[in-house]
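S.K.: Listed below, chain by chain, are the residues.
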Amino acid sequence: MTNLSTAPTSSDMAPLQSGHLPRFAPLAVGVLAVAVGVLVGGMALGGGVAGALVLGWLTMIVVLPLWSRVVEGGRKAKDRLVTVGVWSTFGLAMIPLVSLTWTVVSKGYGALTPTFFQNSMQGVLGSGGGIYHALMGTLIVTAVATLISVPIGVLTAVYLVEYGNKNLFSRVITFLVDVMTGIPSIVAGLFAYALFQIFFGPGVKMGFAGSVALSVLMIPTVVRSSEEMLKLVPTDLREAAYALGVPKWRTVVKVVLPTAVAGIVTGVTLAIARVAGETAPLLLTAGLTTSLNFNPFEGRMTTLPVFIYSSIQAPGLYVDEMTSMAWGAALVLVVIVMLLNILARVVGSVFAPKSGR
Amino acid sequence: MAKSIDVSDLDIYYGDFLAVQGVTMSIKARAVTALIGPSGCGKSTFLRSLNRMHEVIPGARAEGKVMVDGQDLYDADVDPVAVRREIGMVFQRPNPFPTMSIYENVLAGKRLNATRLKKSDADDLVEKSLRGANLWSEVKDRLGKPGMGLSGGQQQRLCIARAIAVEPQVLLMDEPCSALDPISTAAIEDLIHELKSDYTIVIVTHNMQQAARVSDDTGFFNLKATGEPGHLVEFNPTKKMFTNPDNEATESYISGRFG
Ligand SMILES: Nc1ncnc2c1ncn2[C@@H]1O[C@H](COP(=O)(O)OP(=O)(O)OP(=O)(O)O)[C@@H](O)[C@H]1O
Ligand SMILES: [Mg+2]
Numbered sequence: 000m001t002n003l004s005t006a007p008t009s010s011d012m013a014p015l016q017s018g019h020l021p022r023f024a025p026l027a028v029g030v031l032a033v034a035v036g037v038l039v040g041g042m043a044l045g046g047g048v049a050g051a052l053v054l055g056w057l058t059m060i061v062v063l064p065l066w067s068r069v070v071e072g073g074r075k076a077k078d079r080l081v082t083v084g085v086w087s088t089f090g091l092a093m094i095p096l097v098s099l100t101w102t103v104v105s106k107g108y109g110a111l112t113p114t115f116f117q118n119s120m121q122g123v124l125g126s127g128g129g130i131y132h133a134l135m136g137t138l139i140v141t142a143v144a145t146l147i148s149v150p151i152g153v154l155t156a157v158y159l160v161e162y163g164n165k166n167l168f169s170r171v172i173t174f175l176v177d178v179m180t181g182i183p184s185i186v187a188g189l190f191a192y193a194l195f196q197i198f199f200g201p202g203v204k205m206g207f208a209g210s211v212a213l214s215v216l217m218i219p220t221v222v223r224s225s226e227e228m229l230k231l232v233p234t235d236l237r238e239a240a241y242a243l244g245v246p247k248w249r250t251v252v253k254v255v256l257p258t259a260v261a262g263i264v265t266g267v268t269l270a271i272a273r274v275a276g277e278t279a280p281l282l283l284t285a286g287l288t289t290s291l292n293f294n295p296f297e298g299r300m301t302t303l304p305v306f307i308y309s310s311i312q313a314p315g316l317y318v319d320e321m322t323s324m325a326w327g328a329a330l331v332l333v334v335i336v337m338l339l340n341i342l343a344r345v346v347g348s349v350f351a352p353k354s355g356r
Numbered sequence: 000m001a002k003s004i005d006v007s008d009l010d011i012y013y014g015d016f017l018a019v020q021g022v023t024m025s026i027k028a029r030a031v032t033a034l035i036g037p038s039g040c041g042k043s044t045f046l047r048s049l050n051r052m053h054e055v056i057p058g059a060r061a062e063g064k065v066m067v068d069g070q071d072l073y074d075a076d077v078d079p080v081a082v083r084r085e086i087g088m089v090f091q092r093p094n095p096f097p098t099m100s101i102y103e104n105v106l107a108g109k110r111l112n113a114t115r116l117k118k119s120d121a122d123d124l125v126e127k128s129l130r131g132a133n134l135w136s137e138v139k140d141r142l143g144k145p146g147m148g149l150s151g152g153q154q155q156r157l158c159i160a161r162a163i164a165v166e167p168q169v170l171l172m173d174e175p176c177s178a179l180d181p182i183s184t185a186a187i188e189d190l191i192h193e194l195k196s197d198y199t200i201v202i203v204t205h206n207m208q209q210a211a212r213v214s215d216d217t218g219f220f221n222l223k224a225t226g227e228p229g230h231l232v233e234f235n236p237t238k239k240m241f242t243n244p245d246n247e248a249t250e251s252y253i254s255g256r257f258g
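So the protein lines, in turn, are chains A and B. Each residue of the first sequence is one higher than the last, beginning at 0 in numbering that gives the first Met the number 0. Each residue of the second sequence is one higher than the last, beginning at 0 in numbering that gives the first Met the number 0.
These aren't lab readings, by the way, just hints derived from the structure by calculation. Bear in mind that the values here come from a model prediction, so they are computed numbers and not experimental data. Glycine residues also receive a C-beta, built at the ideal position from the N, C-alpha and C atoms. Fair warning: there could be bad hints in the mix.
As a list, the in silico DSS-like pairs of lysine-lysine whose alpha-carbon atoms are at most 27 Å apart [stated by the list, open to error]:
1) Lys253(A) to Lys139(B)
2) Lys253(A) to Lys144(B)
3) Lys247(A) to Lys195(B)
4) Lys195(B) to Lys27(B)
5) Lys247(A) to Lys109(B)
6) Lys253(A) to Lys127(B)
7) Lys2(B) to Lys27(B)
8) Lys2(B) to Lys195(B)
9) Lys223(B) to Lys64(B)
10) Lys239(B) to Lys223(B)
11) Lys230(A) to Lys247(A)
12) Lys118(B) to Lys253(A)
13) Lys253(A) to Lys2(B)
14) Lys27(B) to Lys127(B)
15) Lys27(B) to Lys238(B)
16) Lys247(A) to Lys117(B)
17) Lys247(A) to Lys239(B)
18) Lys238(B) to Lys2(B)
19) Lys127(B) to Lys109(B)
20) Lys253(A) to Lys165(A)
21) Lys127(B) to Lys144(B)
22) Lys109(B) to Lys230(A)
23) Lys247(A) to Lys165(A)
24) Lys253(A) to Lys109(B)
25) Lys127(B) to Lys2(B)
26) Lys239(B) to Lys195(B)
27) Lys109(B) to Lys2(B)
Footprint (simulated), chain A over chain B, 3 or more residues, beta carbon under 8 Å [claimed, not checked]:
28) 111–117
29) 213–221
If you want the ones that stay clear, here's a sample from chain A, every Cβ over 10 Å from chain B, calculated [stated by the list, open to error]:
30) Val83
31) Phe116
32) Phe168
33) Gly244
So that you can see chain A by itself, here it is in the shape it has in the complex (with noise of 0.2 Å):
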């Protein structure tokens, strides 16, 4: 007969305490798998950095684990075991990163002067250029895509969640949605291009139409990230506004939205940071140009990226200056990437609802 009883057997109660390994354990392996790995895979193998860095690795991922088998069990062995595992792959992913943003950092560094950002590229011929010309093309155009972008996309997310009810017209809304977030930049640039091609005629090169094609980029996922976060509103906070006889549309705007707004901010600005690096789409549509353009609506403009993209491409005579301010643009192009996911960051913080006394 089975024993269906869930009482404790009769043994003894199971030891609470084993061994343990010291703290500086997984230090002192990690000195042992330093030594081993350039002594040894480095020197007396000759691997040189690879040798070192596969044999040091090794000696980590054996000696900690049955160190710790032995004086402390099974189970810590195979956590230790993991654990170097996780870190292992952490520091593999860090490699791509922190090289790039080394690489971006050592080379651009040396372009950053004042001029660099007073000047534009208006008559420069070798030293003396500047990108404020393409810094200013670049926060104009996003800007308009940013315009264009929020309320078609916040409002299409509000039609989405608050009204559409899962009607066959919000399911065909969703669906082009999900395709339009795969469309390649390439292709968004030459819709704009084409679009405004029909109105100007052929050739037609603006800021305006490089806005456009941006958001096209912009729409679908400022949608995306507004419908989850809307979706993330309780229930019961609209029905605690109908109740009152809160109309519907107030409730949206005065209760969903602001308790929504810290993530729709935070998707919104992290679609900006992903449009502000866009380059092939600027090139059909906005153009090139070595001076400074403020109006969106006449004439080329250039964006960081595509003066990158041609300092680089066509240098002329001057290969080394122009080298070094691709540099130095691509650098500051990172920077504002960066900022605005720490932007990102602080708006979601500043508008989160607060439940503090």
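With chain A held as given, fit chain B with the ligands onto it using these hints.
M.R.: Okay, now just chain B with the ligands, sitting in the frame of chain A:
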């Protein structure tokens, strides 16, 4: 300024699912009516159909008559928003607005409807409503703090203050004490006693003693059988209900011999 409610032959659906069938009852003005019954028998559903909150759920609808002051709430020309202004509601779970302070939460009904109020009138309304909900002394020094920072019981009383600040004719309460300690419960029961002189109150409760303590009339809901719609088994003055009910099922439910 209180109104009576006459419900006749009300069927309430969620999509195709008939949740509550054929309810007829008349709820007296300036009195407390308690609704009791086992879980899932449709008390909340019925309560929400009294201020047209039921239809907020997609696919939900109600058929029948709910007469308030000579007007049928389910008449085609009736605006549900106007109904909800007259018939306020307190939910089972406290749901203060997280983006608003205590002060703003109390004024939410006015502010969200963009009603202009002078600062002094607004202050008076907030104090009056919070006093009415027995919460004033606990929060008067931190009216600007977030409403979510209050304890569960305080939040529930904040929601009551919010509901009475719009000065409805009728107040519906869905298990307002189910998450509260005995002291807050007593405070809310006192409050119900006081509110009774101005409002018509309908309260859902699982607590027999509470129903006996606060209500004048009691309605007992039950399921005919598992899978069948809920219905109103008995509706009588609370005294009679708890001493000498007409229906046998009522008696066994009230005395705890159920099932
Ligand atoms: N949103 C909904 N969609 C579909 N069916 C629902 C919904 N809400 C409730 N129901 C169903 O309606 C019936 C009545 O539910 P209701 O919430 O009114 O019960 P209740 O009497 O308030 O129960 P409790 O005492 O547990 O709160 C139940 O069978 C329930 O499953
Ligand atoms: Mg209920």
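S.K.: Take the hints in turn and mark each one as holding or not.
M.R.: Do the hints match the structure? See the list:
For the proposed pair Lys253(A) and Lys139(B), the alpha carbon gap of about 25 Å is at most 27 Å, so the pair holds. Under the criterion of a C-alpha separation no larger than 27 Å, the hint pairing Lys253(A) with Lys144(B) is consistent with the structure, at around 19 Å. Between Lys247(A) and Lys195(B) the CA atoms are separated by roughly 30 Å; this puts the pair beyond 27 Å, and the hint is violated. Straight-line distance between C-alpha atoms of Lys195(B) and Lys27(B) comes to about 11 Å, which keeps the hinted pair within the 27 Å bound.
Distance check on the hinted pair: Lys247(A) and Lys109(B) sit about 15 Å apart at the alpha-carbon level, within 27 Å; holds. With a C-alpha separation of about 24 Å, the suggested pairing of Lys253(A) with Lys127(B) holds against the 27 Å cut-off. A C-alpha spacing of about 8 Å is found between Lys2(B) and Lys27(B), which places the hinted pair at or below 27 Å, so the restraint holds. A threshold of 27 Å between alpha carbons decides the hint, and for Lys2(B) with Lys195(B) the separation of about 12 Å falls inside it, so the pair holds.
For a cut-off of 27 Å, the pair hint linking Lys223(B) to Lys64(B) stands: about 22 Å separates their Cα positions. Restraint check for Lys239(B) and Lys223(B): satisfied, since their Cα atoms lie roughly 23 Å apart, inside the 27 Å limit. A hinted pair counts as satisfied when its Cα atoms are at most 27 Å apart, and Lys230(A) with Lys247(A) qualifies at roughly 16 Å. Only pairs whose Cα atoms come within 27 Å are accepted, and Lys118(B) paired with Lys253(A) is accepted, the gap being roughly 20 Å.
For the hint pairing Lys253(A) with Lys2(B), the CA-to-CA distance comes to about 30 Å; that exceeds 27 Å, so the pair is violated. As the CA atoms of Lys27(B) and Lys127(B) are separated by approximately 25 Å, the hinted pair is consistent with the 27 Å bound. The hinted pair formed by Lys27(B) and Lys238(B) meets the criterion: a straight-line CA distance of about 15 Å does not exceed 27 Å. The straight-line distance between the Cα atoms of Lys247(A) and Lys117(B) is roughly 26 Å, inside the 27 Å bound, and the hint therefore holds.
Our distance criterion of 27 Å between C-alpha atoms is broken by Lys247(A) and Lys239(B), whose separation comes to about 43 Å. Distance check on the hinted pair: Lys238(B) and Lys2(B) sit about 23 Å apart at the alpha-carbon level, within 27 Å; holds. Between Lys127(B) and Lys109(B), the direct Cα distance comes to roughly 14 Å. Compliance with the 27 Å bound is thereby established for this hinted pair. Restraint check for Lys253(A) and Lys165(A): the C-alpha separation of about 23 Å stays at or below 27 Å, so the hint holds.
With a CA separation close to 18 Å, the supplied pair Lys127(B) and Lys144(B) stays within the 27 Å bound. This hinted pair checks out: Lys109(B) and Lys230(A) have alpha carbons roughly 26 Å apart, not beyond 27 Å. For the proposed pair Lys247(A) and Lys165(A), the alpha carbon gap of about 17 Å is at most 27 Å, so the pair holds. Among the hinted pairs, Lys253(A) with Lys109(B) is consistent with the structure: their alpha-carbon atoms are about 12 Å apart, no more than 27 Å.
A C-alpha spacing of about 22 Å is found between Lys127(B) and Lys2(B), which places the hinted pair at or below 27 Å, so the restraint holds. Between Lys239(B) and Lys195(B) the alpha-carbon distance is near 20 Å, which keeps this suggested pair within the 27 Å criterion. At roughly 22 Å between alpha-carbon atoms, Lys109(B) and Lys2(B) fall within 27 Å of each other, so this suggested pair holds. With a threshold of 8 Å between beta carbons, the proposed coverage of the segment 111–117 of chain B by chain A holds, since 3 of its residues qualify and at least three are required.
Given as covered by chain A, the segment 213–221 of chain B fails the check, having 0 residues with a CB less than 8 Å from a CB of that chain where 3 are the minimum. Against chain B, the non-interface label of Val83(A) holds: every CB pair exceeds 10 Å, the least being about 43 Å. Distance check on Phe116(A): its Cβ is at least 40 Å (rounded) from any Cβ of chain B, clearing the 10 Å threshold; non-interface status holds. Non-interface status of Phe168(A) relative to chain B is upheld: no Cβ of that chain comes within 10 Å, the nearest being about 15 Å off.
Taking the minimum C-beta to C-beta distance to chain B, about 3 Å, the non-interface status of Gly244(A) is violated against the 10 Å cut.
In summary, the structure is inconsistent with hints 3, 13, 17, 29, 33 from the numbered list given earlier, while agreeing with the others.
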